[in-house]
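Student: First to last, the sequence lines map onto chains A and B.
Going left to right, the first sequence walks through residues 696 to 791 as the numbering used here numbers them.
Going left to right, the second sequence walks through residues 696 to 791 as the numbering used here numbers them.
Some clues are possibly wrong.
Claimed, not checked - Only pairs whose alpha carbons sit at most 27 Å apart, straight line, appear in this in silico DSS-like list of lysine-lysine:
no., chain 1, residue 1, chain 2, residue 2
1, A, K747, B, K747
2, B, K772, A, K772
3, B, K714, B, K772
4, A, K789, B, K747
5, B, K789, A, K747
6, B, K772, B, K789
Simulated from the structure, these hints should not be mistaken for lab results.
Since the structure is predicted, the reported quantities are computational estimates derived from the model, not experimental observations.
There are 2 protein chains.
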Amino acid sequence: MGVHNVMEDVVRDTLHTYKGSLHLTCDCEQCLNDICALALNELPPRYISNSKFSPYVRVEHEANHQGATTILTVIAKSAAIVSGNPRCDTYAAKHQ
Amino acid sequence: MGVHNVMEDVVRDTLHTYKGSLHLTCDCEQCLNDICALALNELPPRYISNSKFSPYVRVEHEANHQGATTILTVIAKSAAIVSGNPRCDTYAAKHQ
Numbered sequence: 696m697g698v699h700n701v702m703e704d705v706v707r708d709t710l711h712t713y714k715g716s717l718h719l720t721c722d723c724e725q726c727l728n729d730i731c732a733l734a735l736n737e738l739p740p741r742y743i744s745n746s747k748f749s750p751y752v753r754v755e756h757e758a759n760h761q762g763a764t765t766i767l768t769v770i771a772k773s774a775a776i777v778s779g780n781p782r783c784d785t786y787a788a789k790h791q
Numbered sequence: 696m697g698v699h700n701v702m703e704d705v706v707r708d709t710l711h712t713y714k715g716s717l718h719l720t721c722d723c724e725q726c727l728n729d730i731c732a733l734a735l736n737e738l739p740p741r742y743i744s745n746s747k748f749s750p751y752v753r754v755e756h757e758a759n760h761q762g763a764t765t766i767l768t769v770i771a772k773s774a775a776i777v778s779g780n781p782r783c784d785t786y787a788a789k790h791q
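Could you build all of it, start to finish, from the sequences and the hints given here?
Tutor: Below is the structure:
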């Protein structure tokens, strides 16, 4: 199915940009995916069926200061939840 | 990024199941994608970061009569919008 949620790209890039300042307990791929999934379930989906519209939808969120702040707040909240209870094998192995 | 919105699968399968009774002006791939994108922007995202959870999330929506009815209602509304204003090349070529 040729649809894509542009919010996935915005969340992934925002997480990678601010990863260093989120005090993550673990930053393995599973934990980053868990943070993205939690955050995306809290944010409005922005699906497009034609990738040529992606830049317009992205700029709507990234240029809009309030939108960008909301996204970062949701990501920080999701990061705190995952950091408080990491489910990945990497963390489990380190803390056996 | 290893996350997936299970609602995409539920919407795609529901649309294919009921496609015949939605009186679509055009059922080409672009129009079906447009309907899915519109519907997914109206429905709560259900992202997972581990595909083994997909069946549990799906059954939550499909077994729940109210949930399934809401999804079908949103798809029917999106189908009516796209049918009223098809943007695909297939329809344009037929109506030049």
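Student: Give a verdict on every hint.
Tutor: Results for each hint:
no. : hint              : result
1   : K747(A) / K747(B) : violated (32 Å)
2   : K772(B) / K772(A) : violated (34 Å)
3   : K714(B) / K772(B) : holds (13 Å)
4   : K789(A) / K747(B) : holds (24 Å)
5   : K789(B) / K747(A) : holds (24 Å)
6   : K772(B) / K789(B) : holds (24 Å)
The structure fails to meet hints 1 and 2 from the earlier list, while all remaining hints are met.
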